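Taken in order, these protein sequences are the chains called A and B.
All residue numbers for the first sequence refer to our numbering, where the first residue is 1 and numbers rise by one.
All residue numbers for the second sequence refer to our numbering, where the first residue is 206 and numbers rise by one.
If you are wondering where the hints come from, they were derived from the structure by calculation, not from laboratory data.
All of these numbers come straight from a predicted model, not from anything done at the bench.
Ideal placement from N, C-alpha and C gives every residue a C-beta, glycine not left out.
Treat the hints with caution; some may be incorrect.
[To be verified] Each computed DSBU-like pair below joins lysine-lysine, with the alpha-carbon atoms no more than 30 Å apart:
#1 B:Lys216 with A:Lys184
#2 A:Lys98 with A:Lys22
#3 B:Lys260 with A:Lys22
[Said to hold, decoys possible] If we take Cβ atoms under 7 Å as the criterion, some of the chain B residues that face chain A in the derived model are:
#4 Ala244
#5 Ala249
#6 Met264
Take a look at the letters that make up each chain.
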Amino acid sequence: MAQTVLFRDFEERDVDFIYRCKNDEKLNRLTVGQYHPFTYEEAVNWVHGCMGEHKSFRFWAVCTNDDEKRIVGWISLSKIDSINKSACMHSVLIGDEKYRDGLTWIECVLFLYEYVFEVLDYNRIYGLCLEDQTASRSMAIAMFETIEGVARQSVYKNNKFNNVIYSSLLKEEYFQHKQNGEYKLKKIISRIIKTNTEFKKHPVG
Amino acid sequence: MEIQDFINHFKDVFDETDVNTLSANTIFRNLEEWSSLIALSIIAMVDEEYDVQLKGDDMRSAITVEDLFNIVKSKVE
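Throw the hints in and build the complete structure from the sequences for me.
This is the structure we're talking about:
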């Protein structure tokens with residue numbers, strides 16, 4: 001199936017989009033990080049900071065799969081650790097509402113898996129999300145990540161202390177599931193829906 | 206394939222939205238509850254009920270529920 005989106009390095013033309021997204025409080029409500037309004041200058045600096053390769057982190061602009069390659073969101077890895085062969089899935093954020101089709105989200109996660117396990121040849125990827133974010137938790141479980149634990153009330157956001165869920169996937173698990181065809185789109189969608197239905201029945205835990 | 210059946214299936218995907226407000230003319234992306242997860246639920250519903258696999262382009266080109274219905278219908282026929 002044709003990719004919905006492509007991934008590229010950040011460019012100067014992305015600043016306006018980043019400025020809009022960083023000042024969208026509703027959009028930022030879903031993330032683990034703290035929200036604060038950005039000035040345009042901060043957006044410029046943020047984009048510049050995301051450009052290129054860095055030792056411990058890496059950002060990609062998620063862009064349209066056409067000649068324009070217009071930015072619609074971004075993804076990133078942080079805590080890239082070459083000793084322990086581990087990286088943190090730091091962000092998957094789709095700012096363009098037309099690309100909140102679910103398929104883009106799946107492609108972003110698969111891209112990060114592929115980069116960590118097949119390009120870097122690392123052993124582990126992990127992620128964290130707010131406990132309330134059942135969509136993110138459903139995605140993690142549907143991708144065969146193991147829930148490692150809960151950092152209780154570790155993030156103050158949306159006017160309350162939030163539990164944060166940690167999950168991870170290991171290289172051997174990734175390749176096993178990939179070989180078994182479990183990362184085909186249809187199978188992933190089916191598991192996400194099933195997992196989310198379970199969360200609705202049992203919201204906590 | 207009837208649009209009212211499609212709308213009824215469409216309504217089943219939502220939990221928090223007042224489904225009585227949903228109609229063929231609803232601009233679904235404007236719904237408060239709309240999210241990537243809801244979009245995936247719609248894709249799964251269409252696959253299950255109509256044996257049609259929607260792509261990202263299909264989802265993006267549709268504005269209203271009726272637009273989505275017409276896309277699905279064109280793929281069924």
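Now the hints, each set against the structure:
At roughly 27 Å between alpha-carbon atoms, Lys216 (chain B) and Lys184 (chain A) fall within 30 Å of each other, so this suggested pair holds. With a CA separation close to 18 Å, the supplied pair Lys98 (chain A) and Lys22 (chain A) stays within the 30 Å bound. Only pairs whose Cα atoms come within 30 Å are accepted, and Lys260 (chain B) paired with Lys22 (chain A) is accepted, the gap being roughly 28 Å. The beta carbon of Ala244 (chain B) is positioned within 7 Å of a beta carbon in chain A (closest approach about 4 Å), and the interface hint is therefore held.
At a threshold of 7 Å, the smallest CB-CB gap from Ala249 (chain B) to chain A is about 5 Å, leaving the interface hint in force. Of the supplied interface hints, the one on Met264 (chain B) holds, with its beta-carbon coming within about 4 Å of a beta-carbon of chain A, less than 7 Å.
Consistency with the previously given hints is maintained throughout, with no hint failing.
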